[in-house]
Structures are given as C-alpha cells and as structure tokens.
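Got chain A; can you put chain B on it based on the hints?
Same order as they appear, the protein sequences are chains A and B.
Quick note: the first sequence uses the UniProt record's numbering, first residue 1, plus one each step.
Quick note: the second sequence uses the UniProt record's numbering, first residue 1, plus one each step.
Careful, some of the hints might be misleading.
Unchecked claim - Derived Cβ-Cβ restraints for the label pairs, each shown as a range:
1) A:Ala372 with B:Glu165: 16 to 22 Å
2) A:Lys184 with B:Val176: 48 to 54 Å
3) A:Gly227 with B:Ala42: 36 to 42 Å
Everything labelled a hint here was simulated from the structure, so no lab data went into it.
We put the beta carbon where it would ideally sit given N, CA and C, even for glycine.
Spelled out from the first residue to the last, the chains are:
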Amino acid sequence: MKKKLLSVIMCATMVSALVAGCGSSSSADTTTDTTTETKTTTDATATDTATTDTSASDDMSIYIVSKGFQHQYWQAVLKGAQEAADELGVTIDFKGPDTESDIAQQVQMLNNALNNSPDAIGLAALDTQACLEGITKAQQAGIPIIGFDSGVPGAPDGAIVANAATDNYAAGELAAEETYTLIKDKISSATATVRIGVMNQDATSESITNRGSGFIDKMKTLIEADGKTVSIEGHDKWENKVEGANVIIDVAVPAQVTAELSAIDAQNLLNKTDTICIYASNQHSGEGLINGDANLGKLGNSIVGIAFDSGELIKSAVKSGKIAGAVTQDPVAIGRNLVELAVKAAKGETVADVDTGCKWYTANNMDDADIAPNLYD
Amino acid sequence: MIAKKTEKKSGVLLNNPIVKAIGTQRLIALLALIIIYIVFGAISPAFRQYSTLVNIFDASYYIGFMAIGVTFAITTGGIDLSIGTVLVCSSLVTGALATKYNVPIALTLILCILIGAIFGLMNGLMISYMGLPPFIATLGSMMLSKGLGSIFTKAQSVTWPQATEADGWFRSIFKVNITNANGLSTPIPTGFILLLAVAILMAILLNKTRPGRYIVALGSNIEATRLSGVNVAKWQTLAYVISGTMAGIAGIAYAAVYSTLLPGGGAGFELDAIAGVVIGGTSMSGGYGTIAGTLIGVFIMSVLKTGLPFIGLQTHYQQVATGLVLIFAVFMDVANRKKRN
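So here's chain B without its partners, still in its complex pose:
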C-alpha cells in the first residue's frame, strides 16, 4: 500500500514535475479555489472588497482548525465525528468559567484546548485499546460532549467577553483592528497567520516526523505496521488526541468570531470539516493525508459559503454547491486511481 502511494505520484494525469510535487487533486482543488474566487469577484464588486476577504477568513478559522485535526484521524483510516460538539462543549464550558466564575481568560483558553485533548484521548483509547470502531466511538463522544456542555451551562447560552471589554483581548489572536487617524478601523486577520502556522507545523508532524509516518503507515495497513514492531495503539491514539486538541483550538476561534455559544449546537460542524479534508485530497480509506490540501478544501467551502449570497443566491445554495464540489472532488480521485490501475 505504501508502494502504491509512490506509484500514485508517477501515474498522474500530467507528468509535469511541478504538478507531481503538488499532487493532482490538490492542484485541481487549488485551481478550483482560485477560479471560484475570481468568478465571484467578477460578478460582484462587493465581493472584491477587503472586508469580504476578512469575512471569508473569519468563517474559515473554526472549520480550518477542526479539519487539520481530523486529517490525522482520517489518515489512520478512521473518522472523528465528535469534533463539532467537542468544539462547542469546550468553548461553552470555558466560556462559562470565564464569565460566570471569573476564571482568568488565559487559563480558560488553555482549558479549552485541554478539554478538546481529553475528548481526543478518550476517543483514541476507545478505538485503539478497546477496539471500538472509530465511527461508533466518536459518535458516542459526540453525544456525550453535546450533553455534558448543556449540563455544565445548565442549558444556557454563553457569551464570551466582547472586544471592548478588558477580558476580550483573546479576540486579537484572531483579529486586530487598526484604527487610523481618521478613526476608520481596518481589521487585520491575524487568525489566518495562526491557522497557517499551525497547518505548517502539523504538515511537518504528519509528513516529516516519526509519529506522523507511523500514523500514515498504520492507516495504510495496520497489521503490517504492527508486525514491523510499531506500537500502533499508541500512534493511533495520538491521531485522535491531535484531532481533539485542534477541536479545542477551534472552540476558541469560534468564540472569538461568533461570541455566543449555544448548548446543543455543533453537530454538523464536523461534516463541514470532513468535507474540507476530502475535497483537499486526503483518502477516506486512510494511508494518505495532506494538510495543505485540507486547508485548500476548507477555503473552497468558506469562499462558497460567504460568496454565494453576493451573486444573489441564498445560503441554502451553499449546501447544494458544497455537496456537488464534494462529490466531484472524490469522483476525480476515484477516476484517477482507476486510470492508474
């Protein structure tokens, strides 16, 4: 199976070395992203505004962090359905700690990530040591996190401190407003830099380090990896811990952009993230993962989501469009693979 991956690189549609380096599906996805952006911009002048770009970034942070994390789970050949509700749970709980129990914001941010990591660890242990199928294990923790978040907050919504308040400083992690002499403020999407930095770190972890290579290997063939003396349970667990941790970070990003968290929400976020991963070219059957592709996939969805209303289509059409893009992306991958065989 690992050999097949190298084969994939040589058997692509175009034999151009640059294309080979980027990978066909990623290249198609990137081109699609650019084309969608240009088409929207050509139709709607308002879409070309700087503020729209910042809106696209805003809408992509929480999905982006979740998608980077779940790329690891999917690369092992598994899935993590709990990330959406874990995002809401960790952000709800820590938001309530900050606003109702006066816990310092810095501590709540760390706790938010930690809660995500704990759910991830739980998923990992259930899957690798208890042998539960990933779909079932994470479905369980999806319901668990949804319920626990509601219980902790007594089913009330939580509004994180606003930017104007002293405790609202955490929002500047994702956006800094620079006010010029005329009193006009320009938002700087610092969250994008953070997202990019995390993506690069995670890409290095996945592709260039020993744990990352083990995750890829066990996703390709878990028995062969086990027989070659690798502690597969440990590395499989790690993949879910990363997934959970990133969901925790996504919780902070969501709070920074949308302020209010509703208990019971979050189910469905994970599907947006998973769609982004798949559009980006990560194989659902495991053994191959690409963080760069994931990021491109996430932005395709964000651009569609934010952009469709600009060309006169309501947000309902975004779901139709994303569905079509998802099917097309996977079809390209399948067709490509067939051609090679």
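In isolation and in its complexed conformation, chain A is listed as follows:
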C-alpha cells in the first residue's frame, strides 16, 4: 500500500513537472505559469486524501483541453474562460495541441489532465473515439467533463455532464438561409446546372461536419421547396448524387489542414464555370477561400462568398464585399459558460447544455454593438 502511494506521488510529481515544462512552452499567457505552480500543491493534497475537495471553489482547478491555440478564436474562448475563472476564484489551465490535426497530442493532453486530478475538465475533442479511453477514466474517477466548442459528440451516456457550445448544425442552417436569399434569383433564373461549393476543413470533427451538414441539408430543402433538384457531390460523407440535377452542392475537404491545400480547393471551386456560391465552414477554410481568390478576383463579382467566424482576413473581406456575409459564434460566451458549468458540476449541482448562439454578419452590421465584440482579429 505504501509502495503504491509512493508511486502515485512520484507519478504526480513527474507529470506536474512535465506539465510545468509544457506550460512554459505553449502557455497562452503568463498567468498559466503561476497556475501550474498552485496546481502542483493541490495535486499533492488530492493524492493524499485521494478525493477531490469540492467544498470551496477557492482551490478549485479546471483543466481545459481545447482544439488548439493558433486561431484567434481560441484566444477569445480563453478570454471568456479567464474572466469567469477570475470572478469565481478558480484556477484554469488551458491547453491545446499544436494544430487541429494533432489528435494524438490532444489525447495525451487529456491524459495529463486526468493525472492531475482536476475538479473538472473542459474538452473540445478533435476526435471522440480517440478520447474515449480518457473519458471513461474521468468517469471512473468522478471528474465531470464539460464539452465546449464542438463538445464531445458520441461520447458514452452521462460522460459529458453538459456542453457550452454553438449549435453548429443550426449555425450551418442559418448560413444556408442567409445565403439562399442572396442566390435565390440566380438559381431560379438559371438555364443550366449551377454549383454551390462547400469548403469543410475536415470530415472528422463534429463542429465542422455539422456546420457542413446543417448548410447542405437546409440548402437542399430550400432549393427543393422552389421546385429544383439537388445533387450532392465531392465527398463520400455527404454524397447523394442525382443525375441531371439543377443544383450541384460540391463539397471539398483538403488532405491536410494547411493553408496551401485549402487555397487549392478554393481555386478548384472558383474555376468551375457553373459555380455561383462558395461557403467556407470555419476560419481556416474562409482564409483558404480568400487566398485562393487572390489571382482570380471572382469573389464578390461572379461568385458569392460565405464564411464562418472572423479573423483579420475574413473581417476585411466582409468589409470590402468579397465575402457577402459570415456566421459568427460567441467564443467569449463559450469560454465563460464553460467555466461556470464546470464549477457547478464540480460542486455536484445539476447542469444542462447551454447554446451560446450565433449571428449572421455582413458589411452593414459588423460594427453593431451586438456583433462587434464577437469578431476577433
């Protein structure tokens, strides 16, 4: 027994050393370092008593495993989370893999989080299946997991106590509805087949696929309601080929999440003579669309561009009319709700999913008070 305890303590020390090392190399701000230090002490107490103390929120620690840091979107999530943490007096540790393709790295981060026995874990899974083992471990250890951003879809029942997320399917539908008003006339007056491009960063993460599916399904319904036929092509996940359809929805998914491959996907869609509209379902794809158009200049002229999220490149493209409009989520609210839910769950209170909402913005309303704070650089 003593041996076991000793080895547990040793493990905890080694892991905290590891985390401290990671913290200094990939920390998003300087506060993370101090957070890790306090964590080491809470870890020791946690190992000694072998239970998590949830009576006071002062020494509560929440581990947040995001999908990455690189996009400014995650900085806005972190900002919201940090604000809520400061208000509630809890410490948060915000981690994320190098890129949104690094599934293995994220799994390791989740395992590190578990080894630190935090009071709650926030998780935006890149791939639910890969995280399954960690999720089960957390369940056994009684650590509540709160899903955020895209959450942890398809996780075992009860493993995820609540989600603070945009309803991505609904966000995709919103994009389709707004897009349809822009291209309705083009579709109804078309004599030949017209094409709507959909750029999805990947076909594995739930947020991206749902935004794609929401858009595709809604667009199909809207077009069919006006008596036209729709064929969905380009990627097996959504494939629904109809010969001689009036409208082709063409889905492009790059081999890797890199700027140049997304730009090439965009160029390919832009170059097809029957393309009337392209929808890019996240910041990365949106930037790929804008980069791909650099030499073609078709966006805002012959082709309607629709994007998702923000960032400098997308914001200025919306302003100049290259991108007709975009859907923005509320990343600050995601971060804030995540921490609030996590604290409640750690205290044993019942929690329920929170839809943090999304909004359609164009050059006309992007400076409005209810839109501007959600648009990050």
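Relative to chain A, chain B alone:
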C-alpha cells in the same frame, strides 16, 4: 568520386551533346514537367487560364526558395530537416514584430532572413564543429524553431499586413496587380523573376565559385577534401547557412501568398522541398547538386498540387502522385548509375 561525376556525363543513355549538357535526369524531369502541364491543360480548359499559372507560381515560391537552399545541404551529403519550421518560425516572429510591435516592414523582412541564417549557422556549427549527424542536428533545430516560434507569439496566429494596407507593400515583391482601364486587375507574378534570379545566383555559387566547388568536393569525399588542405568545417557550415537563409526568404514568400502563419505549422514543408531536390536529380549521397534540376522538381510538384483538382482529383491524390514521381525519379537515377557500372 569526382572522376565518377565526369564519367556520369559520358556514360548516359543518350550521347547527344545537348542531352549531355543538360544532364539526363534533368532532361527527363523537364520533359515530365512539360508533359504533365500539357496533359492537365488538354483535359481541363480552366487549367489553361493565366490565373492558374499564377496560382502555380504562388504555390511554388516558398517551396522553391527552401529547395534551392537545401540543395546545398544535400550536396554536402547531409540533410536539413529544419527548414520548414524555420520558415514558419522566422515569419511568425517577424510578422508579430510588424503587426504587434510596429517594427517597420523593411526591417522585419531583413530580420526574417537573418533568423533563418542564424538557425542555419547553428545547424552548420553543430554538424561541422560538434560532429553531430546532420539528420539529428537539424531534427533538433526543427523542434527548437517550432517551439520558439510558438513561445514568441504566445501560440497565436499572425496575419501579415494585407495588400490594401500601407504596410502590405512587401507583397508586391511577389505579385504586382496591374489594373487596366476597365477596372480589371491582372496579377504579374514578379516572385517568379525573383525566384529565377536567386536560382541563377545560387547555381553560379554552387558550380562556378571556389566555395561552391568545395561544397561539392566535401560532399563527394570529405576526408580527401580535408587532406588536400581545405577547411571543410567552414564550407560545410556555409552550406547550412545558405539553407537557413533561403528558408528565411521562403518565410517572406509564404507570408506574401498565404498571409496567416500558424504556430506549430511548417513540419512537412521541408519534405516537399527535399522531394523537389531529389526529383531534380541532386544526389542524396552528396557530391552532386543541380539548382536547375531542383527548380524543375519544385515545379513538377506545384503543377501536380495545383493541377490535380482540375482533372477531378482531390488534393489527397497529389500526395500519391508526388510519392510515385519521387520513387520513379530516384529509380531512374539508380538504374542509370547501375548501367554505367
């Protein structure tokens, strides 16, 4: 070994003097490039557009500069795996300096190249003076540059100033948009001229100057070169400094075309560049390098990358195609050499 190289020229498949001058593998690579371009153009009318050509150029700049640089490292018989992440690191750091710390763009461009050169110098010193194997030394600096770039930018993405902003002038190094009376703008790929100019300079450096000949010689037989009184450590270091410097230039090219740099990215770029070098005919075992071949190799990959979607194949197939081209190119080289022996 040096004698073997001259032997290579006389023992080629075709004894035509023009072929001999260009070199067989380079000729095959060039023909392959032309054939691929024509085939894509024949299948897809959109591929024949001028804008597609500019897209191909855009996609080739950063790989091209890296490949020219790494040709030197490979010619010494070594390798430089750090160029991809050094590209991202230098561009991230200087991009952040420009946008967050208001450092003048001209200065950041110089710094970008300088950071690349420093990583190159570090690699060179580790390899030549500390005796580390090139694979390990540059693997180390690959991880180092990846991490340092993330630390400096606090793991945030950096978006370089856009063409419409005053600070975006640096983009015109690689592309100038000429607007005609009707308001239509035509992109002029000035970056291609720069790439070509740098390639010519580097080809002269590699083949016609003393440092270049030393680099080739030490790649062929480092002991023999050392014994003949050449300071091999110095020239070996120089090869890696060139490699790093070119990665720095590639960082500017990448920023000009793709605007946004993501920390943690860049790993894998070096393999595209190395593949271009090998397809072009530079020997992986050292002692023979060709800048012209490298450029052809890079363009084969760019044309494949940009062109495959035009004939209805997703970008996934580009990786399959490049893999096949790479294997075929090296096989041709090996078969050719066997025949001579």
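B:Ala42 and A:Gly227 - C-beta distance against the hinted 36 to 42 Å
Holds - the Cβ-Cβ distance for A:Gly227 and B:Ala42, about 39 Å, lies within 36 to 42 Å.
Assessment of proposed distance window 48 to 54 Å (beta carbons of A:Lys184, B:Val176)
The hinted range 48 to 54 Å is violated for A:Lys184 and B:Val176, with Cβ atoms some 38 Å apart.
Taking 16 to 22 Å as the stated bounds, is the beta-carbon spacing between A:Ala372 and B:Glu165 within them?
holds (20 Å)
Comparing the model with each earlier hint shows a violation of hint 2 alone; every other hint is respected.
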